[in-house]
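*Asks:* Residue numbers (the working numbering), protein chains in the order written: chain A, 2 to 354; chain B, 259 to 518.
Derived from the structure by calculation, the hints contain no laboratory data. Ideal placement from N, C-alpha and C gives every residue a C-beta, glycine not left out. Possibly wrong hints are sitting among the right ones.
Some, not all, of what chain A presents toward chain B, calculated at C-beta under 10 Å [stated by the list, open to error]:
| hint | residue |
| --- | --- |
| 1 | Asp69 |
| 2 | Arg76 |
| 3 | Gly78 |
| 4 | Tyr98 |
| 5 | Lys102 |
| 6 | Pro105 |
| 7 | Lys107 |
| 8 | Ala108 |
| 9 | Glu302 |
Partial list, computed: chain A residues near chain B (C-beta under 8 Å) [to be verified]:
| hint | residue |
| --- | --- |
| 10 | Ile79 |
| 11 | Asp83 |
| 12 | His89 |
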Amino acid sequence: MSFLRLDDMRIDLGEFSLRGVTLDVERGEYLTVMGPTGAGKTILLECIIGFYRPEGGRVMLEGRDITDEPPEKRRIGIVYQDYALLPHLTVAKNIEYGLKKVDPDKASRAQKVREMAESLQIDHLLHRRPGTLSGGEQQRVALSRALVVEPRMLLMDEPLSALDPRTRHDIRDLLRRVVKKRGMTVLHITHDLDDVHALADKVAILKDGKLVQHDTVHRVFHRPCNGFIADFVGAAIYEAIALPDGNGAGKVSMNGLTLATSDHVTQRAEVRVALRPEDVLVCAESPTGVSARNIVKGTLENLYREGRITHLSFRADGVCIPVIVTTSAYLEMGLDLGMERYLVIKAANVRIV
Amino acid sequence: MAKVNTFRALLLGCAFFITLVLFLAVGALFMVPSWEDIMTNIWSEEMRFSLRLSLGTGLLSALLVIVFSLPIGFALSRFTFWGKGLVKTIIDLPVAFPELVLGLCLLLLFGKTPVGDALKALGLEFVFTVQGVVVAQFFTALPYAIRIMKSTFDYINPRMEFVSRSLGYGQVETFFKVSLPLARSGILAASVISFARCIGTFGTVLILAGGSYMKTETLPITLYLNISYGNMGMALTSGLVLVAVSFVAIFIFEKTEAQL
Chain A
2 MSFLRLDDMR IDLGEFSLRG VTLDVERGEY LTVMGPTGAG KTILLECIIG
52 FYRPEGGRVM LEGRDITDEP PEKRRIGIVY QDYALLPHLT VAKNIEYGLK
102 KVDPDKASRA QKVREMAESL QIDHLLHRRP GTLSGGEQQR VALSRALVVE
152 PRMLLMDEPL SALDPRTRHD IRDLLRRVVK KRGMTVLHIT HDLDDVHALA
202 DKVAILKDGK LVQHDTVHRV FHRPCNGFIA DFVGAAIYEA IALPDGNGAG
252 KVSMNGLTLA TSDHVTQRAE VRVALRPEDV LVCAESPTGV SARNIVKGTL
302 ENLYREGRIT HLSFRADGVC IPVIVTTSAY LEMGLDLGME RYLVIKAANV
352 RIV
Chain B
259 MAKVNTFRAL LLGCAFFITL VLFLAVGALF MVPSWEDIMT NIWSEEMRFS
309 LRLSLGTGLL SALLVIVFSL PIGFALSRFT FWGKGLVKTI IDLPVAFPEL
359 VLGLCLLLLF GKTPVGDALK ALGLEFVFTV QGVVVAQFFT ALPYAIRIMK
409 STFDYINPRM EFVSRSLGYG QVETFFKVSL PLARSGILAA SVISFARCIG
459 TFGTVLILAG GSYMKTETLP ITLYLNISYG NMGMALTSGL VLVAVSFVAI
509 FIFEKTEAQL
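Excised from the complex, chain A in its bound form (with noise of 0.2 Å):
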């Protein structure tokens, strides 16, 4: 039995809505929710909750049907990305606003606050009001009230994105640290594939409303399961004709080039193929040895820096390969538009999507 499971919930909200999203969670588990603008990612989260009621389907949480149970009564937390925080109360006492519901002693309480404060570093904030404070340590006041309560589960809409990127590596840090550890079930909205790999168990992917793939990190990144899920985790998606080598495996034809896949092929077909910037290798001479099947020749067209990363754009027999390097590896490499350099690719990481 799942923790959390959402069966065929359906809501229209006009510009907003769900069509049928059925999702299982299972306790412990970190899940987070991916998808373009509009595509239901908030809704969902606020149906879940209570605060929208679905005009269709049923939310389990414990094998219970909480569909119609006012969100007062669910003892779900939610972190919001402009942090909801009341501003007529100070730190202190947001944090105890839900504690008061939960624990009648007045000393238990401010004990618990200030364990909590402490446990986020912001013990010597209390007294603050949320206003004077930075988007950082409003967001750790947040995470703290919701915590507090020891809620049975955290629903999380991209706290992090409003947040400049030293910070948001803080308080990822300080989310991997606090949440992870209290085994928390959570479900967490972001648009920032580094809190995915750094945070979460499995990826949820919705598009217009309906859940398009749910599945391990690695399986959504590596094995998406249509060119939309690949473009969006960032693949490079290609145009291609499958050709089957008889033994199960075979070749894709991308436009002129050819790479050996793992994929099963078994007849000729038109299909679209996925490709991973970070499973090309740039190599300044054709290695021997290896045990990769594709080693093409590609010319460089195009590069920018990115902080520690930098990307690549190489052309090989007219088709146009993204990489993404460390930028230490390309100032080591000494690259310059224009230069030809190979490419090796591991048939496991040509994938037909």
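Using the hints provided, position chain B relative to the given structure of chain A.
*Replies:* The following block gives chain B in isolation, referenced to the frame of chain A:
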């Protein structure tokens, strides 16, 4: 030489011109009568009655306006419901109506009709009574207060209410613990505007409650009656008192808003 910003100068000139005209208009009220006249008129029995009735009915009406505008403003801001557009339009109608027409409508409703008879049976008689003054002021000021309250709740992030509910507070508790405290500057603004509007209501009060000397005589009615009699001293004095009451209300509003 610094370049003149024509656009800026034009806008500021417009603002200063209108301010000057208004300042002169209000100032004229203070310049015309003699202070001896004003003091005599203020302590006259008619003026004391009028002031007492205006303050009493104004405070009661403003209180009623707030009591009704809070839930209506919240409902219009937060809920989607069938007929919402119609409700908004009808509630807003008195803003566009001339006060005299609103008074006439209320007179017809509360006069010799089943509604009027039913209210009369309950001891509520609104036609040509002090109760009618309150009703007239209430319906004149209500749409303004509802607009202010709706905008106030629109401005409050509903996610704060969502979070409150996720932390165990019911809808009503959340309203009192989150929405209401966050709406306090809006409530203050609506109270002051409503009070000023109630005190200054003329046409609606005249038609529904009648402009009866020393009976339903509020400050605007005093001004009107005395102008009619040609008693300019009393008319100007009631005008001055109205300006003073409005000024004090706006002053309190500005001071309190700054502290919030």
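*Asks:* Checked against the structure, which of the hints given earlier come out wrong?
*Replies:* 1, 6, 7, 8, 9
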